[in-house]
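2 protein chains.
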Amino acid sequence: MESLSVALGSRSYPIHIGPGLISSRELYAPHLAGGRVAIVTNTVVAPLYLKAVKQASAAVAEIVVADGEQAKSWQGVEQVVDGLIAARLGRDGLVIALGGGVVGDLAGFAAAVYQRGVPFLQVPTTLLAQVDSSVGGKTAINHALGKNLIGAFHQPRAVISDVATLDSLPERELRSGIAEVIKHGLALDAAFVEWLESSIEKILKKDRAALVHAVRRSCELKARIVAQDEREAGARALLNLGHTFGHAIEAGTGYGAWLHGEAIAAGMVMAAELSLLMGHLKKTEVSRVRDLLKRAGLPVRGPALAPERLMELMALDKKAAKGQTRFVVLEAIGRAALRADVDDAAVRQAVVAAAQ
Amino acid sequence: MESLSVALGSRSYPIHIGPGLISSRELYAPHLAGGRVAIVTNTVVAPLYLKAVKQASAAVAEIVVADGEQAKSWQGVEQVVDGLIAARLGRDGLVIALGGGVVGDLAGFAAAVYQRGVPFLQVPTTLLAQVDSSVGGKTAINHALGKNLIGAFHQPRAVISDVATLDSLPERELRSGIAEVIKHGLALDAAFVEWLESSIEKILKKDRAALVHAVRRSCELKARIVAQDEREAGARALLNLGHTFGHAIEAGTGYGAWLHGEAIAAGMVMAAELSLLMGHLKKTEVSRVRDLLKRAGLPVRGPALAPERLMELMALDKKAAKGQTRFVVLEAIGRAALRADVDDAAVRQAVVAAAQ
Numbered sequence: 001m002e003s004l005s006v007a008l009g010s011r012s013y014p015i016h017i018g019p020g021l022i023s024s025r026e027l028y029a030p031h032l033a034g035g036r037v038a039i040v041t042n043t044v045v046a047p048l049y050l051k052a053v054k055q056a057s058a059a060v061a062e063i064v065v066a067d068g069e070q071a072k073s074w075q076g077v078e079q080v081v082d083g084l085i086a087a088r089l090g091r092d093g094l095v096i097a098l099g100g101g102v103v104g105d106l107a108g109f110a111a112a113v114y115q116r117g118v119p120f121l122q123v124p125t126t127l128l129a130q131v132d133s134s135v136g137g138k139t140a141i142n143h144a145l146g147k148n149l150i151g152a153f154h155q156p157r158a159v160i161s162d163v164a165t166l167d168s169l170p171e172r173e174l175r176s177g178i179a180e181v182i183k184h185g186l187a188l189d190a191a192f193v194e195w196l197e198s199s200i201e202k203i204l205k206k207d208r209a210a211l212v213h214a215v216r217r218s219c220e221l222k223a224r225i226v227a228q229d230e231r232e233a234g235a236r237a238l239l240n241l242g243h244t245f246g247h248a249i250e251a252g253t254g255y256g257a258w259l260h261g262e263a264i265a266a267g268m269v270m271a272a273e274l275s276l277l278m279g280h281l282k283k284t285e286v287s288r289v290r291d292l293l294k295r296a297g298l299p300v301r302g303p304a305l306a307p308e309r310l311m312e313l314m315a316l317d318k319k320a321a322k323g324q325t326r327f328v329v330l331e332a333i334g335r336a337a338l339r340a341d342v343d344d345a346a347v348r349q350a351v352v353a354a355a356q
Numbered sequence: 001m002e003s004l005s006v007a008l009g010s011r012s013y014p015i016h017i018g019p020g021l022i023s024s025r026e027l028y029a030p031h032l033a034g035g036r037v038a039i040v041t042n043t044v045v046a047p048l049y050l051k052a053v054k055q056a057s058a059a060v061a062e063i064v065v066a067d068g069e070q071a072k073s074w075q076g077v078e079q080v081v082d083g084l085i086a087a088r089l090g091r092d093g094l095v096i097a098l099g100g101g102v103v104g105d106l107a108g109f110a111a112a113v114y115q116r117g118v119p120f121l122q123v124p125t126t127l128l129a130q131v132d133s134s135v136g137g138k139t140a141i142n143h144a145l146g147k148n149l150i151g152a153f154h155q156p157r158a159v160i161s162d163v164a165t166l167d168s169l170p171e172r173e174l175r176s177g178i179a180e181v182i183k184h185g186l187a188l189d190a191a192f193v194e195w196l197e198s199s200i201e202k203i204l205k206k207d208r209a210a211l212v213h214a215v216r217r218s219c220e221l222k223a224r225i226v227a228q229d230e231r232e233a234g235a236r237a238l239l240n241l242g243h244t245f246g247h248a249i250e251a252g253t254g255y256g257a258w259l260h261g262e263a264i265a266a267g268m269v270m271a272a273e274l275s276l277l278m279g280h281l282k283k284t285e286v287s288r289v290r291d292l293l294k295r296a297g298l299p300v301r302g303p304a305l306a307p308e309r310l311m312e313l314m315a316l317d318k319k320a321a322k323g324q325t326r327f328v329v330l331e332a333i334g335r336a337a338l339r340a341d342v343d344d345a346a347v348r349q350a351v352v353a354a355a356q
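Line order of the protein sequences matches chains A and B.
Count the first sequence with the numbering used here and you get residues 1 to 356, in order.
Count the second sequence with the numbering used here and you get residues 1 to 356, in order.
Be a bit skeptical, because a hint or two may be false.
Note that identical chains are pooled: a pair holds if it fits in a single copy or bridges any two copies.
No farther apart than 20 Å at their CA atoms in a straight line, the calculated lysine to any residue pairs in the SDA-like style are these [what the hints assert, rightly or not]:
#: 1; residue 1: Lys294; residue 2: Val60
#: 2; residue 1: Lys283; residue 2: Ala346
#: 3; residue 1: Lys294; residue 2: Glu171
#: 4; residue 1: Lys147; residue 2: Gly117
#: 5; residue 1: Lys205; residue 2: Ala164
#: 6; residue 1: Lys147; residue 2: Asp82
#: 7; residue 1: Lys147; residue 2: Ile85
Read the hints as simulated data drawn from the structure, not as lab findings.
Isolated chain A, as found in the complex (with noise of 0.2 Å):
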């Protein structure tokens, strides 16, 4: 097992990464204050974890969730809040998210505001959430209007890794994990880039080390960024690399067509070619950011989508009061920028470019 943490103050917690995890009782003990103890899961997770996780926590409710992502929606977070309640869970009970994304976004808000905040811990069992979303405290659910419009900060105890459980993951959803693997290299660490140019097959074969070392520096690089700028006032923004482009193509296929991974994936490409125009990054460079995202099986051109909807899509995001967009660029491999003076004529190029 590697273990290593998030720094920040009287919030500060533990990631633990290995295999079979999910079922050590001592990973659980620490956080279990003698109060109640609620897992949230849903019906793919639940016949595959959630008795060992039962049995390694000592819960006595469980809340199984729809699969998917309408799971996200104020009618989840009631079913989930009416479930603590007649758990008679108090402030000394815990919460366990046990499950990909979207559990762990949907648990971790209903914890967030049940009570006013009751503990909770993130047990992932996808790539995409043990190398993303389960590290930093973001939590939510979507709106009609837009994905991830309600939510709250509200940090885990702990996060516990099992990576034994990506053998039951599709590899479609793999490859949509890996491509946040990739952004956290792109955008922060030009030597993991190079160690994912050289283990991306290992990745794909699901072999334990590479997958520990992919999770384990993931989180170390995320939680460097989270420690910095927890609300992301600042340099967490860096770590939307490829999203304002991958938000657009996820809305304009239609959310769920395209996994969050692959768009991201595409849209990194376009975040490169962005960059590329603007004179930061190197042809070359430009092509080692096309040649991993493919080997990884993903997606490195948008979708049969006109440039002007994509720009259209972008804009509406724009306005859906996020506040000032600005994008990502890569002035280098390895590192990622905020540019707010970007116009709008080079992100049309870099949106025809990525379609070459």
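Let chain A serve as the given structure and place chain B on it in line with the hints.
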């Protein structure tokens, strides 16, 4: 105008108290960060003060919810959040809660979860909100199974308490607010109790200077406690004097039949009787508590409910996932203390004594 500060580090904020403040542009100006401003209010307050606040704050949107406690619901939050999205309020925006405790709790909670938290101002227009609920950052909605079961700690950027708005407040609601003023004195400040004993008639007549002092001293006392214990891990619980009994009265009579302050008033008499039984308070001091509340026109006896029924409701409250219930007792006029070692027989006896 009088001003004081709630000292919470980077979340510190001012409370301004005085007549006519509601239309004072310079009080809103420091909180307008260039983003859009939305006012949340209700159908009773809107005709009275919405126009003035809109002009002073340059708000672009108004969200008017139903009057009464039922607005503190999931539906209420959805209405407010939908309104904030329609107003295209960004993270640089501002939510203004204009109204009593219900509006403040609801708008504050919506501001806490919209985009994971946007700034908000409290502009309380009832005495109860001015002396209590607008200060300290507790926001919440109700659940069918319990009041304030869902919420967040989200501090406002400022509280603007215009005592002239109390001119429009029905007398019964004024008295209900006075119960919380008396509570602050009884729990924390003997000299303030003496001042109240000599000034209660002035307050009831809405004498401006007396109102300003009552609001100011209440806010000072509460702010000191909140600064010590923002998330109610300890001292803040002292502010719940009379509330364990009071909540049972509210639940037993059906929410709304007794105003919150009325239930708290009778609850404080029970707490005083309990303190007498436990040997903390003298009989003359219990009489002082009762007399002051009576002079304020507040009930000093519980409703026509069997003591057993109140005991049941208190046990239910304890079970309803609130963690360990402790009683706030008075060790003297102006000095409350938390006690966990209170036996049921003494509680029952106090309920009976308060009914005499």
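Going through the hints against the structure:
1. Taking the closest pair of Cα atoms, Lys294 and Val60 never come within 20 Å of each other, the shortest separation being 45 Å inside a single copy and 47 Å across copies.
2. In this assembly of identical chains, the alpha carbons of Lys283 and Ala346 lie at most 20 Å apart only when taken from the same copy (16 Å versus 81 Å across copies).
3. Only within a single protomer do Lys294 and Glu171 lie at most 20 Å apart by alpha-carbon distance; the minimum there is 15 Å, versus 72 Å between protomers.
4. In this homomeric assembly, Lys147 and Gly117 come within 20 Å of each other (Cα to Cα) only across copies, at 15 Å, whereas the closest approach inside a single copy is 22 Å.
5. Taking CA atoms no more than 20 Å apart as the test, Lys205 paired with Ala164 passes inside one copy only; the shortest distance there is 13 Å, against 71 Å between copies.
6. Taking identical chains as interchangeable, the C-alpha atoms of Lys147 and Asp82 lie at most 20 Å apart only when they sit on different chains, with a minimum of 14 Å there against 23 Å within one chain.
7. Taking the shortest alpha-carbon separations for Lys147 and Ile85, only the inter-copy value of 12 Å comes in at or below 20 Å, while the best intra-copy value is 27 Å.
Against the hints set out earlier in the document, a violation occurs for number 1 only.
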